[in-house]
Every structure is written in structure tokens, then in C-alpha cells.
Amino acid sequence: MTAFLALVRKDLQIFFGDTRAVIMAFAAPILIGSFFGYVFGGNQNKKESTRLEVLFVDQEQGLVAKQLLASMQQDANLEVTPSALEPAREAVHKGKAPVAIIIPVGFGDQAARALFGSGAKPEITVLFDPSHQVEASMVRGILAGQMMVAMSSKPGGFSLPFMTKDEALTARAGVAYNSYAHSFGGMAIQFMLFMGIDVGIGLLLLRQRGLWRRFRAAPLSKIVLLGSRAASAMLVGMMILAVVFTFARVVFGVKIEGSLPGFIGVCGAFSLMTAAYGLLIAALAKTPEAARGLAILATLLMVMMSGAWVPSFMFPSWMQSFTKLVPARWAMDGLDAMTWRGLGIEEALLPIAVLLGSTVVFGAIAVWRFRWEAD
Amino acid sequence: MLTAENLKKAYGSLQAVDGVSFRVGPGEVFGLLGPNGAGKTTTIGMLAGLVAPDSGEVRIAGHHISGDTSPQKRRLGVVPQELALFDELSAAANLTLFGALYGLSGAAAAKEQDRVLTLVGLADRAKDKVSNFSGGMKRRLNLAAALMHDPQVILLDEPTVGVDPQSRNAIFDNLETLKAAGKTLLYTTHYMEEAERLCDHIAIMDHGKVIATDTVAGLLRQAPVSSFVLIDLVANDFANLVEAAALPGVVSATLSGRQLRLGVQSMGDLPELLRWLLSHGGEFEHVQTERPTLETVFLHLTGRSLRDA
Numbered sequence: 029m030t031a032f033l034a035l036v037r038k039d040l041q042i043f044f045g046d047t048r049a050v051i052m053a054f055a056a057p058i059l060i061g062s063f064f065g066y067v068f069g070g071n072q073n074k075k076e077s078t079r080l081e082v083l084f085v086d087q088e089q090g091l092v093a094k095q096l097l098a099s100m101q102q103d104a105n106l107e108v109t110p111s112a113l114e115p116a117r118e119a120v121h122k123g124k125a126p127v128a129i130i131i132p133v134g135f136g137d138q139a140a141r142a143l144f145g146s147g148a149k150p151e152i153t154v155l156f157d158p159s160h161q162v163e164a165s166m167v168r169g170i171l172a173g174q175m176m177v178a179m180s181s182k183p184g185g186f187s188l189p190f191m192t193k194d195e196a197l198t199a200r201a202g203v204a205y206n207s208y209a210h211s212f213g214g215m216a217i218q219f220m221l222f223m224g225i226d227v228g229i230g231l232l233l234l235r236q237r238g239l240w241r242r243f244r245a246a247p248l249s250k251i252v253l254l255g256s257r258a259a260s261a262m263l264v265g266m267m268i269l270a271v272v273f274t275f276a277r278v279v280f281g282v283k284i285e286g287s288l289p290g291f292i293g294v295c296g297a298f299s300l301m302t303a304a305y306g307l308l309i310a311a312l313a314k315t316p317e318a319a320r321g322l323a324i325l326a327t328l329l330m331v332m333m334s335g336a337w338v339p340s341f342m343f344p345s346w347m348q349s350f351t352k353l354v355p356a357r358w359a360m361d362g363l364d365a366m367t368w369r370g371l372g373i374e375e376a377l378l379p380i381a382v383l384l385g386s387t388v389v390f391g392a393i394a395v396w397r398f399r400w401e402a403d
Numbered sequence: 029m030l031t032a033e034n035l036k037k038a039y040g041s042l043q044a045v046d047g048v049s050f051r052v053g054p055g056e057v058f059g060l061l062g063p064n065g066a067g068k069t070t071t072i073g074m075l076a077g078l079v080a081p082d083s084g085e086v087r088i089a090g091h092h093i094s095g096d097t098s099p100q101k102r103r104l105g106v107v108p109q110e111l112a113l114f115d116e117l118s119a120a121a122n123l124t125l126f127g128a129l130y131g132l133s134g135a136a137a138a139k140e141q142d143r144v145l146t147l148v149g150l151a152d153r154a155k156d157k158v159s160n161f162s163g164g165m166k167r168r169l170n171l172a173a174a175l176m177h178d179p180q181v182i183l184l185d186e187p188t189v190g191v192d193p194q195s196r197n198a199i200f201d202n203l204e205t206l207k208a209a210g211k212t213l214l215y216t217t218h219y220m221e222e223a224e225r226l227c228d229h230i231a232i233m234d235h236g237k238v239i240a241t242d243t244v245a246g247l248l249r250q251a252p253v254s255s256f257v258l259i260d261l262v263a264n265d266f267a268n269l270v271e272a273a274a275l276p277g278v279v280s281a282t283l284s285g286r287q288l289r290l291g292v293q294s295m296g297d298l299p300e301l302l303r304w305l306l307s308h309g310g311e312f313e314h315v316q317t318e319r320p321t322l323e324t325v326f327l328h329l330t331g332r333s334l335r336d337a
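Order-wise, the sequence lines are chains R and B.
Letter by letter, the first sequence follows residues 29 to 403 of this note's numbering.
Letter by letter, the second sequence follows residues 29 to 337 of this note's numbering.
Some hints could be false.
[As the list claims (entries may be wrong)] Derived lysine to any residue pairs resembling SDA-like cross-links, with alpha carbons at most 25 Å apart: (1) R:283 x R:329; (2) B:237 x B:29; (3) B:155 x R:48; (4) B:237 x R:401.
Just so you know, these hints were derived from the structure itself, not from any lab.
One chain only, chain R, in its complex shape (with noise of 0.2 Å):
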């Protein structure tokens, strides 16, 4: 036991003492939580959402323009602001506006004609950037039905026969989406899976610089020698969440809306998978040299894939189910769950479970496959 405490103090000394692995560990994951955070919404509670800027050109200056661009400015989605046309068009070609409307001459008359069914239908053009489809076709849709809001102010004209009541299915009634829950969640995965990486090469190092001469000399068996690695790999990993997730806490009101318990096992599972990943990397590489390139690559789509970079509902459906191959993918799932989404124990018990299967199968294998011997 003395030895086991000896090399866990140890690691936990070298990395507090090295300033560019805290850094990487503790501040870039709140750095990069924040940005993502915040470009992906924010606190919803705290702030309004960000309006979506269109131009709109009105070409006819009568009266369904006017009702139109009035009752479009009431939008809570939109920013909409008057434009000529030609300002308009180098606006969106610059990429200074996501979407301008072009209301055409003779819109308002054409337009009552053709709702009656006796006319052809005037044509509203849609300039947009095509780099902002999404925002496109939410305008396109917007416009729908503020036409029919405008085209009841003509005789005979009607509106639309329901509205809609939005209710964002949070925690709970009255708990707004907090991005930063996924960001800072997303984040903590991506750098305690590099952590791992420098568990791995610190093992490669510790041949490189004859110290595994040293420590397999004395009497130390197997499982003190990784087991020790690993402990001190979860013992940082708990600690960049615990700090990741009270920043994220304490500066932008995310909470742990869920399960508590159910938070602390994924966050335990996760950091025992990332101890058992940098194992793995040392049994597989020969060299620091040859094990860093290959885990980065390795790293950064185990990341991506997780959905730590862009939440997994935004990718394709095939991608949905394969990604769940992916342990971090769990990882990701299961902090979701345990945050914003505010779901129960029982749903943490399967990302548990896959991550703790994980460790399982990368720690069997780094044992297997790890070069005991010195050289």
C-alpha cells in the first residue's frame, strides 16, 4: 500500500506541477465550454435568444407589404429591418445578413387574386446566404403564416384557424435549456480523454527515461504498477469535472437538475474509462512519438462522435445508432441526462454500465497486451 500511495502522490505531484497540463486540464474546458455554450444558446433563463436578422424589400409600398413587414417585426425569432434591393442582395452575398424578402409590385392584388383561387400566385423572392439554410427555411415558414396575419386585413380576408403553444421540455416546468450544461459536459469529455493520452505517453516516458528499470526492479506487483496510473488518472479526471462543472455552476446557473448520484457515477465511470484508455494507449504504442499523433486522431473523433462538439440529435440518423458504440458518446448521454434534461437514477444506469464495460474491456486489454519487461 505504501508503494501504491507513493506513485498516485507522485503523478498527482507532476501534474499540479506542470502549469501547461493544469491549463489544458482545467482551463481550456471552461474556456471552450463557455464559447460553445454561449454560441449555442446560452442560458435560456438569463437571456433572450439571439433574432435572426432578415432584410425586407418592399417593392410594392401598398398595403399587405406594410401589414406584413409589421406584423413580421413582431416576431419574437426576427430582427427585420427595410432595405432597398440592392443593398439587400450584397448584404446577403457578403455574408452580413443570413436572409433578405423581396416583396414584389403588385404583390398585395396578385395575392388576394390568387388566395380566392383566380389568379396566378405572385412570386416573393428569398435571397439567403447559402451557408444559413436552416435560417432560410425558418423565415420561409415565419413568412407563411405572418402572410396570412397580413392578408386578413383585406376584405374577406382571414387568419389562421390555431396557434401554438411552445413548451421546451426541460428539468421541469419553468427550467429554461441551458447549453452550458451540454458545452461545459462536452468539454470535460474532450479533455479528460486527453488527459488520458498523457497518461499513456507518461507510461511510454517512464520507459524512455529507464525509469521502468527502476520500478520493475523492485518488488511491485502488476496491478500496483498500472493500478496506481490508473487511480491517479481518476483521480484528475473527477477533479476536472468537479471544477468544470462548479464554474460552470457558479458563472452561468447550470445545475444538476437530475440525478446527484446518478451525476456522480457517470462522472466516476467516465474517469475510470479515461484512466483505462490511457493504459490502453501505452499497451499499444511502442514509442511517446508513435502513441501521440495516433491518439489525438483517435481522441478527436471518439469526441466528435460523442456529440461533445455538436449535440448527436443534430446528426444523421445512421450516425445516431453507430455513435452509440462510442463509450464518451455514453459519457455524453448520460451528463445530459443527469443536467438539463433532470432525469432520474435510472437513466444513468446504462451509461454507467457502458462506460464501466468499457474500462473492463481497454483495462484487459492494456494488460494483455502491455511489454512488461524492461528494456
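Using the hints, position chain B against chain R.
Relative to the frame of chain R, chain B by itself:
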């Protein structure tokens, strides 16, 4: 105390160690002398239980090392060829760690730490980070780390590589202190001067085999000459080198610039040699003699220089 019997180890088609045997007693320094690649480090690896031999056996005080956690490992201290230290930690933290690997903790560890730091002359640098140490200081700490658990047998794999003469002498002093304390030391090196100074017995290794083993004096007796005569000639146009080499009592003759080097079987032949030289165009201005070294023995046994092998 330490016995190796017919140790063999191959890596693929390379026979790294081929039937090495020797015995080292308490208070004795045994040297493994040989060029790089001779099999010294692999031999140390097998002695320390780091490398499994293909055949043969190692015994420490009559016991085998069996398994990772063998208690016999506590009798051994290994000083690797590399500076096997954590640069990021202080000297004290390194020693605490390496002591803990052998179960030392608390006051016992602190006491041993003081003892070994004093031995290697680093007591006043205990709190300093190893990264701030000079190469020689790191070498001394590398030795201290192997002594924390007070082993009976110390395996030293080229412990003076890359150090300045002052640190080398300090390490030699440390090793002589350990020898005087009755420790068994096995020392590998490719520096013949070190082996001659430190070792009671030496095994000369080449291509994985022990090609000669004896005391230093015994090995030197295997040299084909009793002395070398170095003669500084006045001119550099001496043309009778072949004839000089063929003189009675002369084993070898080489000419380097104006210096003629003759290997002779007996110093009693020297007056006759000098007279012959003067009468054959070899006017000289200075003469000195050198005794043969282990390098001479290695050259004699292998046909190659120790440093160039």
C-alpha cells in the same frame, strides 16, 4: 552473495548473452567490461529480474528471484544507465518515492534519505528540483536512489556515463565506501580505467560472451607485452619500422608522426633496442615507458580496440 550461472538471452536471431557465469562475494567489486553491445546491460537486466533469461539462473545469497514481488528483490539495488529520476520532483521527493517502492515510509524513509544524500554529497540540495541539477549531481542522485532500501547487492550499469571528472571521482569514492561497508557491487563499464581502479575481479565481455575473467593483475598478465616503450625521434623519416618489429623481444612496433611505439616482452632488452635504433637512423630525443592496460588485453583477445569495437 551473487551468482550467475550460464545465463543466455536471445532477441530474435541476436544472441545478446551467451552462457555468462560468475560469482561475486560480499565486499567485492566485480566489473563487466566490454564495448557497447557486448551484452552487459542485458546481463544486468537478468541479474535484477528485469529480463527473463532463456536459460541459466541467478541466485542472491543462495535464493532465486521468482516473481514480481519476490522478497529477494529487496536485497538488490539497481542503478540504471539512464538518469532514472523524475526531473519534475525534488531530490527528496524522488528518494521518498523510490524508498516507498521498497516499503519505506515515515521516519525510516527520512532517516535513509538523510543517509544516502550525505553519502553522495547532496544533503544540502534535498529540496531542490532535479531539473536544476548538473549532470554529475543527477548521476550521484541516481546512485542514491538505488541505496534507499540499503541493499546488499548493488548493480551499477555504466553509472558514470557523461559525467565530469570531479563527479566521477565522487562516485568512485561513494562506491569505495559501499565496498568497505561489505556491499557486493557489480559494475559494468566500457572505461578500462574505471574497471582497473575499482574492480577486484573483471569479466571481459564481447558479443554476449565472457572471453576472460580474472583479477586485474591476472588479466594484465595475459597481455602479450610487459611494457610499451615510447620513443620520440628527432626526425620523421625513420624507414626501418619493419626491421624494428622483427627484433628479438619486440612484439609490436608502430610509428605515429615522430613517435615510435614498441611493445616489448622484457624491459631488460631496452638498452639493446636503443643501441640498435641509433645505429639504424633512429636518433631520438626522449624515451618513456608505459605498462599494458586492459585495453591491451582486449585488443589481444579480440583483435579490436575496446573503444572502437
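Hint check, failures only: 1
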